[in-house]
Structure formats: C-alpha cells, structure tokens
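Q: The residues making up each chain are set out below.
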Amino acid sequence: MSDVEKEMTHRILIIDDNPSIHKDFQTILVEEEESTNLSALRTEVFGGNNRKSVPKSMYELDFASQGQEGCEKIRQACAENRPYELTFVDMRMPPGWDGLKTIEHIWEIDPRIQVVICTAYSDYSWGEITERLGKSENLLILKKPFDSAEVAQLASSLTEKWILARQASLKTEQLEQMVKERTDELTQTNEQLKQEIVERQQAEQRQAELIKEVDKINNELKDFASIVSHDLKAPLRGIKSLASWILDDYSDKLDERANEQMNLLLGRVERMYNLIDGVLQYSRAGRMDEKSVQVNLDDFIPEMIDMLVPPENITITVDSTMPVIECAETHIMQLFQNLLSNAIKYMDKPQGRINVGCVEEDGFWKFSIADNGPGIEEKHFEKIFKMFQALLVSKEFEGTGVGLTIAKKIVELYGGNIWVESKIGEGSTFYFTLPKQEMGVIDAKLEANIAH
Amino acid sequence: MQNSKPILLIEDDDVDVMTVKRALRDLKLTNQLVPIGDGEEAIEYLRNESAAKPCLVLLDLNMPKMDGAEFLKIVKADKALKKIPVVILTTSNSDRDVIESFELGAAGYMVKSVDYEKFVETIRAIDLYWTVSKLPSNGE
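Chains as they are written, first to last, in our numbering: chain A, 300 to 751; chain B, 103 to 242.
I should point out that these hints are in silico values taken from the structure, not numbers from a laboratory. Honestly, I wouldn't trust all of these hints.
Said to hold, decoys possible - The list that follows gives simulated cross-link-like pairs (lysine to any residue, SDA-like), each with its CA atoms no further than 20 Å apart:
| id | chain 1 | residue 1 | chain 2 | residue 2 |
| --- | --- | --- | --- | --- |
| 1 | B | Lys123 | A | Ser540 |
| 2 | A | Lys460 | A | Glu472 |
| 3 | B | Lys123 | A | Tyr549 |
| 4 | B | Lys220 | A | Gly566 |
| 5 | A | Lys372 | A | Lys400 |
| 6 | A | Lys552 | A | Leu565 |
| 7 | A | Lys532 | B | Asn164 |
| 8 | B | Lys123 | A | Asp548 |
| 9 | B | Lys220 | A | Gly537 |
| 10 | A | Lys532 | B | Asp116 |
| 11 | B | Lys220 | A | Ile538 |
| 12 | B | Lys107 | B | Val234 |
Said to hold, decoys possible - Distance windows between CB atoms, simulated:
| id | chain 1 | residue 1 | chain 2 | residue 2 | range |
| --- | --- | --- | --- | --- | --- |
| 13 | B | Val136 | A | Tyr549 | 26 to 34 Å |
| 14 | A | Pro601 | B | Pro238 | 48 to 56 Å |
| 15 | A | Ala557 | B | Val136 | 33 to 41 Å |
Note that the Cβ used here is the ideal one computed from N, Cα and C, for glycine as well.
Excised from the complex, chain B in its bound form (with noise of 0.2 Å):
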C-alpha cells in the first residue's frame, strides 16, 4: 500500500475477515484492517469525522441488510466519498455481477479463492496494484 491509512473490510462473514486480516499479516502490510459487517454501518464509519478515512475498501456484494451494490451506489453518488477506491472481493463468479460491480463504479473485481494460498496471491495483487497506482490523498 502507498500509505497506511486503514483498510476497510466490508464482510458479514467472520473467517473471511479472519482469512483477509491473516492474509494482510502473512504479507506484513501495516496498514489496519477495519472490518465492518454490513453496508449501512460502514456508510456510518465513513461518513463519521471523527473516523480515519481509509485507503481503499473491500467490498463483499452479499450481505444482509445493505449488500455491495447498493453501497456502492450510495458511496459513488457522495462527493466526499466517491474518490475511495473500492475493490469488489466476493465468492461471485457470475459476468453480471462483474458488469454491474464496475457500472456503479468499482475499481476492481476480485473473486475469493477457496484455497488460501491463493487468496494471499489475491490479496498480495490488491497490495501491490494499490502501491504502484496512485492513490487520491482524501483532500486532508
């Protein structure tokens, strides 16, 4: 990552938040996860002052309550949030989930591996795009 503003995880299942905060240690990324289970509560997190604007957010589609989509149209229509990068990171194979995922604005599609090995790979590709490609600085 360029910088060590927090992650934010979007995932209602707790092993995937367990997988993604190992994968992010196996990797020794610094950066803090902040691990949010649904759409509404990290609508809140992001909005709240108070709160470090994160570097990126990983976004799971299905979750109860607010799912990805809808946050994602929420966030891209907000003019303080819409320049946060977020990376869809589902076990969702399917092409209309993909278009519709970068028509509402995502930078990125990952599909969840079963394999952790893999998914490190996954996660170590989110890291290194995300060093190498500029990041916009939050206007702070």
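One chain only, chain A, in its complex shape (with noise of 0.2 Å):
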C-alpha cells in the first residue's frame, strides 16, 4: 500500500461482545459505502475535493469482541504507525471491561482517537460519562439501535476530524521545531558573541601587556643611548688625551709629517666625539618629559634670537603675525634654535638677512625661516635631514650634523613637515608645518613617544 492509499484508507476498529453488530458495521461502512448515495452525501458535507479520490473502500475496520483486546489493537495499531482514527465502542460488554473502563484505557494509549460510544440503556448519563472521562472532544454518544445513515456520518466526518486534528498537530509541531531552530540559533549567537566578548577582553588585556612591554623597551632604548655614547666616549677621550700629549711633549722631535698626521688623528678624534654627541642628542630630542603649553611666538622667537646672539652683519627679521601655538617649549625652541643657527652660521654675505614667517595653510601653521646665504644645492635637499649627513657632504659644516634631523624628528612628531628650497647663491627658506588643531592627539602620540 502506497502512503497515498494509506492516507485515504480509514481505519475504524470496532469493540463490541455482540458479533453480529460488528456484521453490521461492515455492512453499513464498506459494503453499502460504495453506493452514490453515501458518497454524495460524503461529498456535500465535505465539498468536492473527495469527489474523485474516493476509493472504492474508505474504510478498513477492524473488530475487537472484548474491552481488553480492543486496547491490545489500538496498541499495535500505533506501535505499527497505522493508529486507528475512530473506534466505535459498546457500553456493555460482559464479562470484561464495560465501555468507559474501555474507553479510558483507549486514550491512556492513544488520546488522539475519535470514540464513539454506542448505548441502548441509559446506564450512564451525560453527565457521569464526563465525570469520568472528562470533558472530552473526541466522545461522542450513539444511541442504539442505530441508523445507518448516522454510522456512515459518524465516521465520515470522525475520521475527518481525525485527519484535520492530526494536521493541525503537524502544523504546530512544525511551528515549535521553527520556534526551537530560531531559539537554537539565538543561543548559538549569543554564544559566539560571549565568545567574542571574552576574545575583546583577552585582546585588551594582550594589548595592555604589548604596550607595557613598549614602555619598557622605550625606556631600554633611551637607557641604551646613553650608555653607549657614555661607554664610546671613555676611550675616545684616552685616545685624545695621549695624541695630544704626545705633540705637547714631543712635537719638536717629530718631524713635520709626524706632526701633520697626528693633528689629522685629533681632528678625527673630534669629530667622532661630535658623532657621538650627535647620536645623544638625536636620542634626547623629542622625549615627552615636560607637558604641552601655550607658547606664545610673538615673544617666544625673538628670545630666541636673543640667545642666539647673531653677529652684527646678519639681520634678523619676525612677521608680526606669529601665532600661540600649543607644545612642548624645548621642542620647539629646538626647532627654531636649529634652523636659526644654521642660517647664521652659513651665513657668506657681508649684509646677512634672515626672516621669520608664519602663514596658516589647510589647518596647519606653515612656518618658514629664509636666509640669502650660499643656498643649497637640490641634489641635496633630502639628504640634508638625514642623520650626519652634513658632516659628510662637506667640510665647512661643523655641526654635529643632526641639527636638521632632530628638527625633522620634532616636526613629524607633531604631524608636521619640514622641507628646504634654495638657490645657489641666493639663499635657502626652510619651511614646516605644525597642525594647528588636535593637540588631544598630539599629546597621545607624545606620551607614547618611542625613541626612534
């Protein structure tokens, strides 16, 4: 049998001590069902879609003579997945179980049947049935003897309800899986997201130990810096002192060469103590040790100029337009000190001339320091910023060559820029530029300032 036949098969089990009421049923539910009249009738009360399905025996019933044995098939019936859908039982069945010990037993094990209970005495009334049973939708009386028409209803339209009850469980049931799905998936993604939670914190707490150990290599690398500059300067100044006592005592008895030679050796002598000093200022320059503050230009530049203390022949000028600029007073006294002393120290005119400007440009103060010195060339425009250049590129520069790198260092520690045009023989303007707001972020970046 095809599931098809299966749903279209009814199965009706019929409980009853007196064999010849179960003849009847069969009379009246598979012989007599074929006639046009039932299944016209079946057709009005249940509208057209059966018309054509109805095979030839709707029903297949099944008799039990006794209450017991009407469970047993029950039992089965459900054990097998064929459950009955209606079962018509007697109210009296003798020696055994009457009708509603019967019937009691019946939904104890399938509580979705439909019954029926056929009477012929009033042993029971309504209500002592329901007392017993309970307020049942799935009961129903018939009176004996009964029509046949009223058995062909009954179990038309019981094995109907049946089917539509069992529908409507399907429907709920499926809406329950739906419901626990969503339910399910809900409680999944909030696990995920305690989950993450718990990641985040462990990320935070990575992190915090990450920028502890920062701080600690931070501090290592400045430690570091001095103590090496500290260390190579030692025998350096061992190597300094012999060379120059050497010519104290003993230049009369050198001869010129001699002589030349170890002035050369003292010479670079100087200048690697120079390179030292540099790599310790460049390593000083930018340290975070003092807080942001409102520096006023207008009285801040020409203090500058005055510790400068520039020679006669040099003329240094300031815009009147300097702004109150917010940082740290020695980087920017650095800053301004640096490319100053630069621009005096080149200085190869007998009328020096340097000026101090200041325009604001895209949310950034654009400084500019311009001098008509010796310019510089553009091949070395970049090169100039980078560390010791200067005491590569030429002899005449004396510094310690990090002059312009700590300015850059300084500049970009701020977000700004720093940049050189020139001409030969006409003179070089330094530029660069602080941003004007942000200074929020400017001291974040400041305190975790890392010594490049």
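With the hints as a guide, bring both chains together as one complex.
A: Spelled out as structure tokens, the structure:
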C-alpha cells in the first residue's frame, strides 16, 4: 500500500461483544460505502475535493469483542504507526470491562483517537460519562438501535476530524520546531557574542601587556643610547689625551709629517666625539619629559634670537603674524634654534638677512626661515635631513650633523612636515608645518613616543 | 693642598691615571699620587697601618669589582676612614649619580673633561679648594 492510499483508508475499530454488531458495521461502512448515495452525501458534507478520490472502500475495519482486546489492537496499531482514527465502543461488554473503562484505557494508549460510545440503555447519564472521562471533544454517544446513515456520517466526519486534527498538530509541531531552531540560533549567536566578548577582553589585556612591554623597551632604548655614548666616549677621551700629550711633549722631536698626522688624528677624534654627541642629542630630542604648554611665538622667537647672539652683519626679522601654539617648549626651541643657528652659521654675505614667517594653510601653521646665504644644491634637499649628512656632505659644516635631523624628528612628532627650497648663491628657505588643532591627539602620540 | 700627604686616586683607566698625574705635575703639586685600580684594593690600602693615610681620595664611579658607590658606603661606615674627604671624579653627568654620591657622603663631584686643559682646570679647582678648606688631621 502506498502512502497516498494509506492516507485515503481510514482505520476504524469496532469493540463490541456482539458479533452481529460487527457484521452491521461491516455492512454499513464497507459494503454500502460504494453506494452513490453515501458518496454524494460525503461530497455534500466535505465539498468537492473528495469526489474523484473516493476509493472503493474508504474504511478498513477491525473488530474486538472485549475492551482489553480492543486496547491491545490500538496499541499494536500505534506501534506499527498505523493508528486507528475512530473506534466504536459498546457500553456493555460482559464479562470484561464496560465501555467507560475501555475508553479510559484507550485514551491512555492513544489520546487522539475519536471515540463513539454505543449504548441502548441509559446506564450512565452524559454527566456521569463526562465525570468519568473528562470533558472530551473526541467522544460522541450513539444511541442503539442506530441508523445506518448516522453511523456512516459519524464515520465520515470523525475520520475527517481526526485527519484535520493531525494536520493541525503537525503544523504546530512544525511551528514549534521553527521556534526551537530560531531559539537555538539565538542561543548560538549569544554564545558567539559571549565568546567574542571574552576574546575582546583577552585582546585588550594583551594590548595592555604589549604597551607595557613597548614602554619598557622604550625606556631601555633611551638608556641604551646614553650608556653606549658614554662608553664610547671614555676610550676616545684616552686617545685624545695621549695624542695631545705626544704633540705637547714631542712635537719638536717629530718631523713635519708626523706632526701633521698627529693633528689629523686629533681632528678625527674630535669628529668622532661630535658624532657620538649627535647620537646622544638625537636620542634625547623629542622626549616627552615636559607637558605641552601655550607658547606665544610673538614673544618666544625674539627671545630665542637674543640667545643665539647673531653677529652684527646679520639682520633677523620676524613677521608680525606669529601665532600662539601648544607644544613642549623644548621642542619648539630646538626647532627654531637649529634652523636659525644654521642660517647664521653658514651666512656668507656681508649683509646677512634672515626672516622668520608664518602663514596659515589647510589647518596647519606653515613656518618659514628664509636667508640670503650660500644656498643649497637641489640634490642635497633630501639628504640634509638625514643623520650626519651635513658632516659628510661638506667640510665647512662644523655642527654635530644632527640639527636638521632633530628638527625633522620633532616636526614629524607633531604630525607636520619639513623641507627646504633654495637657489645657489641667493639663499635658502626652510619650511615646516605644525597642525593647528588636534592637540589632544598630539599629546597621546607624545605619551607613546618611542625613542627612534 | 694644605699638606703634603699623598692623594689616593681610585681609577681603573690607565690614561685617566696618567691624565691626573700629568695635571698634578703641570700644576706643580708635590703630593704623591697613589693610583689604585679598584675599590677593594683601595679599602685594603686605607686599612693598612703601615701605609700613609691620604689627605684626599679622588674616586671614579665606574669600576670593575667594587664600584665607587660601594667604596663610599664602606669608607663612610668606617670610623677610622670616614673623615677622609672623597671627591668623585667621573665621566658620568647623570643627576642620579650626583645625588647618590652626595647622599653617600662625597665631599665633591667633578666631571672629567675630555679636553685636557679643562681637566687641568678641574684638578686646579680641587687643589685650590682643599688648600683653603681645613682638612682633618687623620688623628695622627
């Protein structure tokens, strides 16, 4: 039997101690079923859908003579997954259980089965029956002797009811399943979120540890530069002393060439010393040991120029539009000092002119330090900002060679830029920019400043 | 110097020892210079009854074995030695070293100059100071 045919066949169990009743049901539900009468009736009751699908025999009948036997059949039908849809139960079935007791047992086995209780006597009132069995929508009473049309109608509508009830319960199950799936999904998402929170916390902790580590390395680096420089300086000092003593004590005994070589040696020692000092200066530059403050450049720049004590042949002018900026005083001082002292140091004109200017451009202050000095070849524009380049580029450069490198480090620390424009013989202009806003950001950056 | 007792120089760098010797010679100081390369040996020397007690100790900070700070601790805890003035003569410019030295009882703190002429000036200043300043008699 295919599934479809199974669906079309309604299983009905007749529980009655009287075999002739079995026969009656057989006659009414199986043999008369084929009559168009009933078929038409069925169509009338349940609409046209059934017309073409009405099989020869709609019902599969089983019979039991006693309540216990009936229960056994119902149990077996459930086990086979072919449950009865409807059972007709006689009220009086000596010597065994009566109808009520049978029904009690039946519903324990299969609560969905539709039950019609058949009785000829008023053994129990409706009230007594519902008191025993509870108020059930699955229970009907059929008075004997019964009319065959009544039986056929009951069978038809109750089996249909059973199927509708089953469909409804399947739908409910489906819905419940969907709800369960969604709930599971939510639970899973929730778990994932929890996991993500944990991972995030772990990441944050790791980050805190890394920052701590970076701070430590940073401090070690700061120490490292000064220790190394210190240790490098010590033997150099010895070399210098010895060389100068040889010159002091024996220059008259040395020939001209030896004297010259000793002087060259001392010059190199001096240069080495300056290089080490440069490393030290560079590693110290841009350290954030001091907090940012408001610096009024209108006052600050003239003071700084005073400190540099420019020679009389050099005139330094400052534009009247200097802003108030927020930064570490040491930084801004190193910046202007390095740029101005370079302009003074390399001035080659009898009438030296240096001008400090500032304009606002795209959210930045753009500072300029322009001189009419010797100028710089374009091929050196980039190089001069690199460490020790000044020392290597030209012999006339006497500084430590890190002045411009330090200036660049400071400017970049604040998120600005530094560059030079120049024409040989006419002079150079050094530009640098500092952002007008974002002071909070700069502070944060400075806090995390790594000794480069 | 107020007297002609020896000056004890605790210094592990030979060239630095030569520099001090040379500076004393250039300044025409007659005090004998006793150079010792390590704090431990210097303590032994100071505790040696037969050796003449110095009028002044010049002490380097960075040394192998016993460094300057340890030497200071021991000397300043020693009743017989604590009155000898100890002047730090070092390359270290760090504030921490300066503070620690004075806390440990140093009588002065001089930074060695790279430049010999300046170094001579430093020694001259030490000599001048300890000529003007009273010195303990070492109980002799």
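Q: With reference to the structure, classify each hint as holding or not holding.
A: Hints versus structure:
1. Using a Cα cut-off of 20 Å, the hinted pair lysine 123 of chain B and serine 540 of chain A holds, with the two alpha carbons roughly 12 Å apart.
2. As the CA atoms of lysine 460 of chain A and glutamate 472 of chain A are separated by approximately 18 Å, the hinted pair is consistent with the 20 Å bound.
3. A hinted pair counts as satisfied when its Cα atoms are at most 20 Å apart, and lysine 123 of chain B with tyrosine 549 of chain A qualifies at roughly 18 Å.
4. A hinted pair counts as satisfied when its Cα atoms are at most 20 Å apart, and lysine 220 of chain B with glycine 566 of chain A qualifies at roughly 18 Å.
5. At roughly 16 Å between alpha-carbon atoms, lysine 372 of chain A and lysine 400 of chain A fall within 20 Å of each other, so this suggested pair holds.
6. This hinted pair checks out: lysine 552 of chain A and leucine 565 of chain A have alpha carbons roughly 18 Å apart, not beyond 20 Å.
7. Between lysine 532 of chain A and asparagine 164 of chain B, the direct Cα distance comes to roughly 13 Å. Compliance with the 20 Å bound is thereby established for this hinted pair.
8. For the hint linking lysine 123 of chain B to aspartate 548 of chain A, the alpha-carbon distance of about 15 Å falls within 20 Å, and the restraint holds.
9. For the proposed pair lysine 220 of chain B and glycine 537 of chain A, the alpha carbon gap of about 14 Å is at most 20 Å, so the pair holds.
10. Among the hinted pairs, lysine 532 of chain A with aspartate 116 of chain B is consistent with the structure: their alpha-carbon atoms are about 15 Å apart, no more than 20 Å.
11. Of the pairs offered as hints, the one joining lysine 220 of chain B and isoleucine 538 of chain A holds, with about 16 Å between alpha carbons and a cut-off of 20 Å not exceeded.
12. Note on lysine 107 of chain B and valine 234 of chain B: the hinted pairing holds, with a Cα-Cα distance of about 16 Å set against a maximum of 20 Å.
13. Restraint check, valine 136 of chain B to tyrosine 549 of chain A: a C-beta distance of roughly 28 Å satisfies the suggested window 26 to 34 Å.
14. Judged by the Cβ atoms, the range 48 to 56 Å given for proline 601 of chain A and proline 238 of chain B holds: they are separated by roughly 54 Å.
15. Look at alanine 557 of chain A against valine 136 of chain B: about 35 Å separates their beta carbons, and that is inside 33 to 41 Å.
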